[in-house]
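Visitor: Numbering (our numbering), first residue to last: 0 to 222.
Everything labelled a hint here was simulated from the structure, so no lab data went into it.
Quick caveat, the model's predicted, so the values are computed rather than measured.
Hints are not guaranteed to be accurate.
DMTMM-like cross-link-like pairs, simulated, lysine to aspartate or glutamate; straight-line CA separation at most 25 angstroms [claimed, not checked]:
1. Lys61 with Asp32
2. Lys95 with Asp109
3. Lys101 with Glu55
4. Lys28 with Glu79
5. Lys42 with Asp26
6. Lys66 with Glu79
7. Lys48 with Asp30
8. Lys48 with Asp23
9. Lys95 with Glu13
10. Lys28 with Asp58
11. Lys106 with Asp32
12. Lys42 with Asp30
13. Lys95 with Glu34
14. Lys7 with Glu112
15. Lys59 with Asp109
16. Lys7 with Asp58
17. Lys61 with Asp127
18. Lys106 with Asp47
19. Lys7 with Asp32
Simulated DEER-style distance windows between Cβ atoms [to be verified]:
20. Glu110 with Asp26: 32 to 40 angstroms
21. Glu55 with Asp111: 25 to 33 angstroms
22. Pro83 with Lys25: 32 to 40 angstroms
The beta-carbon is built from N, C-alpha and C at its ideal position, and this holds for glycine as well.
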Amino acid sequence: MSRHPEVKWAQRQENVFITVLLPDAKDAKVDLDPEGVFTFTAKAGSDDKPYELKLELFDKVKVEESKISYGVRSIFCILEKAEPVWWNKLLRADGKAPHYIKVDWDKWVDEDEDTGAGAGDMDMGGMDFSNFGGMGGMGGMGGMGGMGGMGGMGGMGGLEGLGGLGGMGGLGGMAGLEGMGGLGGMGGMGGPEEFEDSDDEDEVAKPEAGEAGAAKTEEEAKA
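Start from the sequences, fold in the hints, and give me the full structure.
Guide: Below, the structure is given as structure tokens:
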């Protein structure tokens with residue numbers, strides 16, 4: 000059975016601030032509908048307990064202009080109201096809000112104290128925000144940009160005459176490591192014609208006929 004994370008909220012004339020408190024959330028996904036429907040799903044804890052949330056907000060919002068920041072302990076959203084007016088409450092339903100929804104007194108100001116600066120009068124603590132528009136939750140981490148091409152390795156000249164080892168074609172770019180330029184061919188290693196058939200080895204192993212005769216005569220004389 001899914002659980003509900005704790006939610007804190009505050010507002011300004013043009014914005015609504017929603018903080019979902021769920022430390023070490025995994026697979027967190029937040030969706031926002033122009034009609035003001037805010038949904039959240041994630042897993043947390045050592046046993047990956049499921050958490051979910053569906054809030055039907057008091058009024059409509061501008062999805063494209065709303066922003067979100069994923070943190071280690073919470074997810075903070077700045078929602079842009081469709082109409083810059085103060086809401087009487089967070090949810091449109093009658094009655095008391097659920098127990099897991101609380102006022103964020105650290106961010107709250109009364110209507111007559113609103114300076115019109117929106118989120119500009121708050122300390123964001125270096126948060127990184129992304130737009131809701133076209134965003135599909137945290138999912139996996141974005142792809143790591145392709146590594147710059149590694150210049151092809153020059154041919155391994157000098158291995159002349161190892162016949163038959165044709166140039167080793169460049170190793171194609173490894174998937175994901177964009178542009179690891181193929182390892183240049185290992186320069187063509189000469190063919191068998193470079194190993195000329197010669198009797199050099201035999202000539203070294205076999206002495207001249209005259210030398211062989213002289214050696215035999217010497218051995219007979221000693222005998």
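Visitor: Evaluate each hint against the coordinates.
Guide: Against the structure, the hints:
Of the supplied pair hints, the one linking Lys61 and Asp32 holds, its CA atoms being roughly 9 angstroms apart against a limit of 25 angstroms. Straight-line distance between C-alpha atoms of Lys95 and Asp109 comes to about 20 angstroms, which keeps the hinted pair within the 25 angstroms bound. Restraint check for Lys101 and Glu55: satisfied, since their Cα atoms lie roughly 15 angstroms apart, inside the 25 angstroms limit. For the hint pairing Lys28 with Glu79, the CA-to-CA distance comes to about 19 angstroms; that is within 25 angstroms, so the pair holds.
Simply put, Lys42 and Asp26 have alpha-carbon atoms about 6 angstroms apart, close enough for the 25 angstroms limit, and the pair holds. Distance hint between Lys66 and Glu79 is fulfilled; the C-alpha atoms sit about 8 angstroms from each other, no more than 25 angstroms. Distance check on the hinted pair: Lys48 and Asp30 sit about 20 angstroms apart at the alpha-carbon level, within 25 angstroms; holds. The suggested pairing of Lys48 with Asp23 holds, with an alpha-carbon distance near 12 angstroms, which does not exceed 25 angstroms.
A C-alpha spacing of about 24 angstroms is found between Lys95 and Glu13, which places the hinted pair at or below 25 angstroms, so the restraint holds. For the hint pairing Lys28 with Asp58, the CA-to-CA distance comes to about 22 angstroms; that is within 25 angstroms, so the pair holds. Our distance criterion of 25 angstroms between C-alpha atoms is met by Lys106 and Asp32, whose separation comes to about 24 angstroms. The straight-line distance between the Cα atoms of Lys42 and Asp30 is roughly 16 angstroms, inside the 25 angstroms bound, and the hint therefore holds.
Distance check on the hinted pair: Lys95 and Glu34 sit about 21 angstroms apart at the alpha-carbon level, within 25 angstroms; holds. This hinted pair checks out: Lys7 and Glu112 have alpha carbons roughly 20 angstroms apart, not beyond 25 angstroms. Straight-line distance between C-alpha atoms of Lys59 and Asp109 comes to about 21 angstroms, which keeps the hinted pair within the 25 angstroms bound. For the proposed pair Lys7 and Asp58, the alpha carbon gap of about 17 angstroms is at most 25 angstroms, so the pair holds.
Our distance criterion of 25 angstroms between C-alpha atoms is met by Lys61 and Asp127, whose separation comes to about 20 angstroms. Of the pairs offered as hints, the one joining Lys106 and Asp47 is violated, with about 30 angstroms between alpha carbons and a cut-off of 25 angstroms exceeded. The straight-line distance between the Cα atoms of Lys7 and Asp32 is roughly 19 angstroms, inside the 25 angstroms bound, and the hint therefore holds. The hinted range of 32 to 40 angstroms is satisfied by Glu110 and Asp26, whose Cβ atoms lie roughly 38 angstroms apart.
With their beta carbons about 28 angstroms apart, Glu55 and Asp111 fall inside the hinted range of 25 to 33 angstroms. For the pair Pro83 and Lys25, the supplied restraint of 32 to 40 angstroms holds, since their beta-carbon distance comes to about 36 angstroms.
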